[in-house]
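Engineer: Mind the numbering: the sequence shown is residues 16 to 307 in my numbering, read in order.
Worth flagging that the hints you see were computed from the coordinates, not collected in a lab.
Honestly, I wouldn't trust all of these hints.
Label pairs and their computed distance ranges (CB to CB) [unchecked claim]:
no., residue 1, residue 2, range
1, Glu115, Ile306, 23 to 29 Å
2, Gly46, Asn299, 40 to 46 Å
3, Glu141, Asn299, 35 to 41 Å
4, Ala172, Gly236, 39 to 45 Å
5, Gly153, Glu45, 30 to 36 Å
6, Arg258, Thr174, 23 to 29 Å
7, Trp103, His205, 23 to 29 Å
Values in this document were obtained by computation on a predicted structure and should not be read as measured data.
Even for Gly, the Cβ is constructed at its ideal location relative to N, Cα and C.
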Amino acid sequence: MDTSVTLKATNGLPAVSLPAIGQGTWYMGEGLNPRAAEVKALQQGLDLGLTLIDTAEMYGDGEAEKVVGKALEGRRDDAFLVSKVYPWNAGRRSAIAACEASLKRLGTDYLDLYLLHWPGSIPLEETLEAFEKLQADGKIKRFGVSNCDLGEMQELAWTEGGDQCAVNQVLYHLGSRGIEHALLPWQREHSIPTMAYCPLAQGGRLRRELFGNAELNIIAGDLGVTVPQLLLAWAIRPVNGQRDVIAIPKAVQPAHVQQNADALTLTLSDEILSRLNNAFPAPNRKTPLDIV
């Protein structure tokens, strides 16, 4: 069973296949868990094939990047490393400085993927110019965006160089399916995969709704899996025979890291997908992009 997602060839780079489940780092480096445990969790994930690690200069004001850097000591080549730039740092010169600061915290010479964290006031043309300079200097291999809705993705596509966008990272889980109405179909038409953050609806009312839902617990029990594993398998499910969603849950506990990796091999039948759809249907109209 193929559990990978392919990023298209861009800027002279060949297409690359990535695991459909990676590792998120939001809230790492902030003292919520021992730093050594966070480092060990990321290394465990790499050992289990969760080779994509996503971070950002925003997370812990750079402390999450330091955690990732520690985890990658001596094994940088094992990871597909993603970081993100603040929108106010995405200018012609400021993006260069921000990326270099991220690289220093991460202890690496390059990023596999660099994302604009969310749309801001700096013109896209200027951000793309900075990304192209970073590529030319070998500091990033690919670039993409995050928290962009349909109109913003269309604007990106119309901007010179925007057709090289590798991914769009947005909030997506069973309880938040708004992107399925317009954004996901457009991205599929343009071969732009989606990175799903908060695939387990981390925090807040929606998480309680999902984790406590009777139908989800019955389905998970019948499959012999946990509700989080069910949610991950749903997020990365193939659509029309193709996977194009990468889920990036954060995990620190060894058991949770293992469960995330095991979810890669979980196949959901049409009957189960129908039951999940009935329990948490997608909206039948355009809704505002969900952002946390």
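Engineer: Tell me the hint numbers this structure goes against, listed in increasing order.
Structural biologist: Violated hints: none; all satisfied.
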